[in-house]
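Undergrad: Here are the chains, one letter per residue:
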Amino acid sequence: MENDYVLSMEGISKQFPGVRALSNVKLNARKGTVHALMGENGAGKSTLMKCLIGIYTPDSGTITFKGEKLNITNTHYALSKGISMIHQELSPIPQMTVAENIYLGREPTTWYGLVDMRKMNRMASELLARLQIKIKPTAKMHELSIANIQLAEIAKAVSYNSDLIIMDEPTSAITEAEVEGLFTIIRSLKAQGCAIIYISHKMDEIFKITDEVTVFRDGQYMGTDATTDLTDTILIEKMVGRTLTDMFHKEMTDMGSVFLDVQNLSGKGFRNVSFQVKRGEILGVAGLMGAGRTELIEAVFGVTRSRGGAISINGKAIKINSPADAIRGGMALLTEDRKLTGLYLNASVRENMFIANINSYMLGPFIHFKKIEKDCERMRGLMRIKTPSLMEIIRNLSGGNQQKVLISRWLLTEPDLLILDEPTRGIDVGAKSEIYRLMTEFVRSGKAIIMISSELPEVLGMSDRIMVMHEGDKVGELSRGEATQEKILQMATGMSLTA
Amino acid sequence: MEKTGTITADKAEKRQRMSHHISGVFNKYGIFLIFAVMIVVASFLSPAFLRPINVINIVRQMSIVGLIALGVTGIIVSAGIDLSSGSVVGLTAVVAASLAQSPDNSAAFYPGLHLPLVAPVVAACLVGALVGLINGSLVAKARIPPFIATLGTYTAIRGAANLYTSGRPISDLTDEYDFIGQGDVFGFPVPILILGVMAGVTHILYAHTKFGKYIYAIGGNEQAARVSGINASRYKLLIYVYASFLAGLAGLVVSSRIGSGQPGLGVGYELDAIAAAVIGGTSLSAGGIGTVAGTIVGALIIGVLNNTLDLMNVSAFWQQIVKGCIIVGAVIIDQLKNRGGK
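Chains as they are written, first to last, in our numbering: chain A, 1000 to 1498; chain B, 22 to 363.
Same shape as in the complex, but just chain A:
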């Protein structure tokens, strides 16, 4: 049996100050298969992978790779042994080109020792063509969209010709169409005998592409099964340790009057868009990357300038020139990229929570910390935020809990309209379900939500109405009843509905 495994990690433990991240876990992956590693955020998946790639050194346990016992102490060593990784949430080097990023650390050189840029660009362009990724190798990384950056990272991991590729949330930023492209790449890697460890929170991907699933919970090994022996209910139960009966907690609420009315708004990345949101309603906004969804919402919120058009709130025309105007009008925006535009990573949970609402905590020139403490404690309970204390630095929280803190921030401002841009990206199932529950509770009290999401199950599960965008245009609206995954995709890719 042993020989069957290309990778065998046994008895791995890793302790961080105050946390036992991994206790005696194992992971065995077979040659030419895709092995899913599942678990909620904080279950220890990324920690184990970092042990494998040499970013962390495990406290105990053995790693056997291709029959050889390895003591992996740095990334360079792991790469040289044939283990490469697509890192989640790891931005590349922005000022360098795609080719330079791909071949970073192993640049081809000329016979007199200088880096051979021409050869490097040619290698990159052949690699990208082989993977059917349409990116110019000479483009600077910071000029690319998030989706293309992720595709470039995938190309980089593949380029090592490794025997094992770790893919940590490789699809978190790419669209359904590009996921298909990735799966084609994965299938051909499999055929070449490469083993893949696949980490994702997206259930449909797990069932579509993986052969085996190993589940971790709270740093413990919960078991390994063939994917065909599992259903998503069983899998989720293994991960969270309880049954999640209804993922989406969707309730039909009574719609009230129109809260936000946007007419013929244009701006950078979108044209002539009109839509309404009613009180008690969740409006889903679907579309591919680059469809102009985020741009539209940022213009409505006053982050960027809009041209023409009219916005009214509660039937009254309003001019929105800055986010402050939007907040005064009763809106709140949860941005797409938590790290970039949301979190103060080195500040405490409490600071992150009250910062947008500081004006209501002033006693003359002083901050009323008692009141803040009370409100934040209330939010912590309501949102079920897992943190040792409110004074914990937010960097140390898991992604799901960070997101909950950000939602708390905006709930404290008591908005009438909550705009959520990719609210569950990179968050585990348990936390996702909690966020859906909160959304339902929020609209039940007569408030409105606009949710931009690239995850179709979430759009379909939560929205009362779905607006679809394509290349900056609104191509249509679907009611909850008539919306299906196929219809949305057809509209989002610009195909006619009759097709």
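Honestly, the hints are just simulated from the structure, not real lab data. Just so it is clear, CB atoms sit at the ideal spot from N, CA and C, and this is done for glycine as well. Treat the hints with caution; some may be incorrect.
Here are the simulated DSS-like pairs of lysine-lysine, each with C-alpha atoms no more than 25 Å apart in a straight line [claimed, not checked]:
#: 1; chain 1: A; residue 1: K1139; chain 2: B; residue 2: K231
#: 2; chain 1: A; residue 1: K1068; chain 2: A; residue 2: K1025
#: 3; chain 1: A; residue 1: K1135; chain 2: B; residue 2: K231
Every beta carbon over 10 Å from chain B, so not counted as near; a handful from chain A, in silico [said to hold, decoys possible]:
#: 4; residue: Q1014
#: 5; residue: H1086
#: 6; residue: L1234
#: 7; residue: D1260
#: 8; residue: I1317
#: 9; residue: R1327
#: 10; residue: T1439
Only part of the chain A face toward chain B is listed, based on derived beta-carbon distances under 8 Å [what the hints assert, rightly or not]:
#: 11; residue: I1054
#: 12; residue: T1074
#: 13; residue: H1075
#: 14; residue: L1078
#: 15; residue: Q1094
#: 16; residue: E1099
#: 17; residue: G1104
Dock chain B against chain A, hints included.
TA: Frame of chain A; chain B shown alone:
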């Protein structure tokens, strides 16, 4: 379906790239345009400006700070900083001078010592590199913030220079030694030739070798560089060694130019060098940005500015004020560029 997805992404990207392109032209060539405008304006303000002797003078004056700035550029590109280079100039100046005194000088530092010219040259470079090794070890191995580490060596190395000579200058240097700072080859002052050669070498080092690529990668995103298998601390250490080696070379040139090794030489040069790099487009706010050509132009801009103000009889005090404004102006441009890039 697959196809459409890629096309959509392509279009959005193209739009983005267009706006990048427009700001990109200024980003890329802005500093050269400003330099060209300055030369035109200066030649109108003072007819003496474009006379060959004046031009050579400007370049000779900036050659010392220019040498230092070449290395400082690499350090700032790696997201570091070096405050010690001025002190390195002082130390290497006295060490080199002490090995280059006339053998018949009875009051020499090492009486009766007569070494070939190569000895003080190698000594200056080695002492410089050694200080760089200390800086680099503090930054890359002991993980002390570069500002603090080099603030420490800035102070300590100046002390070492004073200690070496007991605070006295070392004069009466050999003619060959003086040639380095004062001589001409085919009408070109030697310091300019040294700067030219080192600028070429440094350009190749930064732009065309693995070492250079890694410095940019580390400055752009150190973690990403590490997981690509790059030994980041090794290359960080090496860039400090190289920069201090260049500062050592500058110490050699400056002591030869004034014919005397003085422990107080080079005071404030570290800031002039940083200013040259920053004016030349090296970004202090984001690592991974900066070029040799930009830095040379940055140093020339400071040189032209000083020279023009000199020719116009503007007082040295006003010159300092103008220089300060230029530095801040350069950083403002840098930030505008970064905003455009986001």
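Undergrad: Look at each hint and say if it fits the structure.
TA: These are the hints, each one checked on the structure:
no.: 1; hint: A:K1139 - B:K231; result: 18 Å, holds
no.: 2; hint: A:K1068 - A:K1025; result: 15 Å, holds
no.: 3; hint: A:K1135 - B:K231; result: 22 Å, holds
no.: 4; hint: Q1014; result: 22 Å, holds
no.: 5; hint: H1086; result: 6 Å, violated
no.: 6; hint: L1234; result: 27 Å, holds
no.: 7; hint: D1260; result: 27 Å, holds
no.: 8; hint: I1317; result: 28 Å, holds
no.: 9; hint: R1327; result: 26 Å, holds
no.: 10; hint: T1439; result: 31 Å, holds
no.: 11; hint: I1054; result: 7 Å, holds
no.: 12; hint: T1074; result: 5 Å, holds
no.: 13; hint: H1075; result: 4 Å, holds
no.: 14; hint: L1078; result: 5 Å, holds
no.: 15; hint: Q1094; result: 4 Å, holds
no.: 16; hint: E1099; result: 7 Å, holds
no.: 17; hint: G1104; result: 4 Å, holds
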